[in-house]
Each structure stands twice: as C-alpha cells, then as structure tokens.
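Trainee: Heads up: the protein sequence lines correspond to chains A and B, in order. Numbering of the first sequence is given in the numbering used here, commencing with residue -7 and proceeding in unit increments. Numbering of the second sequence is given in the numbering used here, commencing with residue -17 and proceeding in unit increments.
Hints are computed from structural coordinates only; laboratory data are not their basis. For clarity, every value in this text was computed on a predicted model and none was experimentally measured. All C-beta atoms, glycine included, are put in the ideal place defined by N, C-alpha and C. You may find that some hints are simply not true.
Said to hold, decoys possible - Not the full set, but computed from the structure, chain A residues with beta-carbon under 8 Å of chain B:
1) 116
2) 176
3) 177
4) 178
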Amino acid sequence: MKSLKNHFSLIAALFTILFTIQVYQVLERSISSYEETLRKNYAIVVIANSPLEEASIKSRFSLIRSVEEISPEKVIKRLEDEMDKTSLGLLRATLPKFYRLSLEHYPQPEEIDILSSQLMNIKAIKRVESFSQTHDQIYKLLLLYKGVTQIFAFAIFIVTLLLIAKEMRIWQFQHQERMNIMALFGAPIMLRSAVLFRLAIIDAIIAASLVFTVFSFIRSSGWAEPYFNDINIKVNVFNYAQDGLLHFSIALSLSIILAVMLIINHKEEV
Amino acid sequence: MDKVIIANDLTLSYNNNETIINQCTFDINSGDFVFITGASGSGKSTLLKSLYGSLPPKQGDLSVGGVAMKNINSKKLNFLRRHVGIVFQDYKLIKEWTIEKNVMLPLIISGYAKDVSEIQVQKLLTHVKLNHQLGKYPLELSGGEQQRVAMARALAHNPIIILADEPTGNLDDYSAQVIWNLLEGACTQLKTTVVVVTHHIPETMKIDYRHLHIEHGSIYEVS
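With these hints in hand, go ahead and build the complete structure from the sequences.
Mentor: In structure tokens, the structure reads:
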C-alpha cells in the first residue's frame, strides 16, 4: 500500500500528460483528414481555346496534381432535340476546352490568387474559375480550428511543466532523506539514485501501459467513429505501434529528466 | 598507539561565518572511547559533522582515519564513510526499508555478497535482540528498538570509528543503558574507536574513557 502510494503521484501526472497528448494527436489527425477531404473536393476550372498538355502544366506549377479534361458531351446531348446535326457539329468544333485542375494540398487564398494569375499568362487559357469566395470561408474555418488546437497544445505544455515542477517537489521531499542517509554511509551518487531511476522507469511503463489500454479500448469499441463519420472523415484514434512507442518514449524521458534534475538539485544536509 | 583523529588549529563555521569551534587542537587514539560534552549550541554536533565530512574545516587541519578532511573530494569522502559507523539521536533509518535492509545498507554500499550480508545482519540483529523483527519497518518499532537497529547498522561493516550524536537523547533509561552497553562492547570487544557527543555521561560506564568538553569554541580535556 505504502509502495503504491509512492508510485501513484508520478503515475497520475504522467498518465494525464500522455492522455492529453493523445487527445491532441486525435484532434490534429481529424483536422488533417478534414483538410484532405477538402483538398479532394476542391478544384480549379480552366477554360482554354486549345488543348492543354498535362505534363507541361504540371512541370510549370508544382501545386497542380492533375489536369483532367471535362467532356462537353453531356451538355451537347441535352441540345440534341433542339438543334440539327450540322449546328451541333459546328458547336462541337467551336466550343472551348474545359479542364479541372486538382491540387497537391488545400491551398491558401494567396496561393490561389498567384496560381490564377500565372495560369492566365498561358496564351491558350481564356478564363480561370477558382470559386475563391467559398474557398475563403472554408479555409478561414479551418484556420480557426487549427488556431484553437495550437492554443490547446500550448495549454498542455504549460500544464505539463506545472505538473512536472509539482512532482519534482514531491519527489524531493520523498527521496531526500533516504539519499542523505545513504550518503552518510558513503554510497556513491549512482547507488543513491538507483531507487529513483527504478521508480521513474517503472512508473513510466505503468503510465504508458494505462494510456495504451484506455486508447486501445476506445479504438476497438468504435466509440468515436460515428462522430467522425458525421463529418465524412476517417481518423485512427490510436496507432498501436507509433502512438504506443511515442507514449513510452515521452513517459520514460520525462521521468528520467525528473530523476536527473532531482539528483542535480540534491544537496546534502549540513 | 595510532592516532585515528587528529585536529590541528581546527576552526569550524557555517556559511554565516560565525565561528563555532576556534583553533582547537586534539587527537583521538585508535580504540579510545571519547565523550564530547558541552552546553546546547556549544558546537558538539558541529564537531561531529566535521568528523564525518558534512562540514569541512574553515581553517587548520583535520584528519580522520588518515584522510585529510580539508577540500576532500566526494570519492575520498565516500571511501572514508564506508569505514565509519554513525548513530544519530533521531536514528536516521530509511522508513520505507525493512529493518533487515536498513542494517544491510553499509554492506550493500561496500559491495558485500548478498549471502555474506544476510549472515552478518542476522548476527547483529541477534546481538541487539531484534532478530525476530527483521521484516518489520522502522515506524513499527519503539524508539529504543529503532536506536538498536541504528546501532546494528553502525556496526555492520566493522567500522574503524563509531560516531554517535546524542544516541540516547530520545530514549528511556532501560533503552539508553542497552545502547551504552552496545557502544562499550564495540570498543572493548571489536577495538573500535567510539566518539559520543552527549549532554550527560552515564554513571554506569564500566570502561575507561576520555572526556572532551567544549566551551566558548574551545575544547578542553577533562581529567
């Protein structure tokens, strides 16, 4: 019981830190996934007098992922009942070419402006439609979400620092006496600190395992999925290998830093 | 006879620069039993601290077990402390360790094998009549019992010197007598040098002892 009590304070602090980090990760992934959905759905429409070569366009503009010609046949078919074959043939011959340009990432409004004006410099291109008003609104909303997430991340950082500072004071109180007594009998610094490091490593493993269990459960129960489905995104709540390893590394690093700082700050009673 | 402790013009003071011990010269021979007395605040405990290396000499020289204490580095200090046994008024036992592990501490530090350490701890706890308590924690024992554990720990690694700071200050008469007997035994049977800081020298002492008295920063030999 006494031993559990000694462990609890650090485990609780580490668990809180790791849990918050994982929540932040899920939030970041949701935003990225939503951004990807927006990118897929967004395209610039270009009207040209003569055919455009995809390779040449892509080599000039790194932002452009693909150039796809939009067939005018659907529109022409609608006119079949109202126009004779000769007129339709003439229309087909005089109609400009329509292209749909997909982009590498969801662009910033400035990037769209620059791309539009550069596209207009190509002789064959007569018009560029970027749907900039709709794009601007969605982009600003995304920026707002990103801003909120960053503030959230900063708050986590501050809370983490406070938790660690508080934990350090508790540890100092818990271990100072034992380290002083061991020093009185000639224990070298490594032996005096061995218990501290053992505690730090065990607590880090326990805290990371607890977070692993909680998020594995959330992932396997599919509890969060309906919420993501509602906004048409797919998010991996917990990546066993990548996230698990990240948690173990963070927990181990934090607790070892804590132990090292305690040893550095340790002063023998005089 | 070998001199275990040699102080030459020794001056001790804390950070506030108030001199506690002022240019004192004395020596203690191997196998001596020495009482250091003095009024509260006279510097008895300060002198003991300098003997186990927690307070370096401000001026003069101090040598303990052949090791010069002035500007001593941590490696040398650790080496010296592995040959010294210390007993405090407040026992200074590690609360989260069992009695057995507490007594074993100096043996762990000195790198003794586990089986050798266990035999030695058993022997010592039998000697202080606590062999039935080895799985207990310090706070489960009475003050007298805790001090006997501290005595067993101080003797565990066969030290050349035992330094005791008011070892019976918190104990009843019976427990105090047990501690005096153990200290006398260490001196007579193991030939260990014993230095005890105390307010009162017990009248029941059976062995010859030396008496140093501290007053106004000076140390006198009381005959």
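Trainee: Quick one, is the residue 176/A hint okay against chain B at 8 Å, beta carbons?
Mentor: Holds, because the Cβ-Cβ distance from residue 176/A to chain B comes to roughly 6 Å (cut-off 8 Å).
Trainee: Report holds or violated for the interface hint on residue 177/A, using the least CB-CB distance to chain B and a cut-off of 8 Å.
Mentor: This hint holds: residue 177/A lies near chain B, its Cβ roughly 5 Å from the closest one there, short of 8 Å.
Trainee: Using Cβ atoms only, decide whether residue 116/A comes closer than 8 Å to chain B, and label the hint accordingly.
Mentor: violated (81 Å)
Trainee: Report holds or violated for the interface hint on residue 178/A, using the least CB-CB distance to chain B and a cut-off of 8 Å.
Mentor: holds (3 Å)
Hint compliance for this structure: hint 1 alone is broken.
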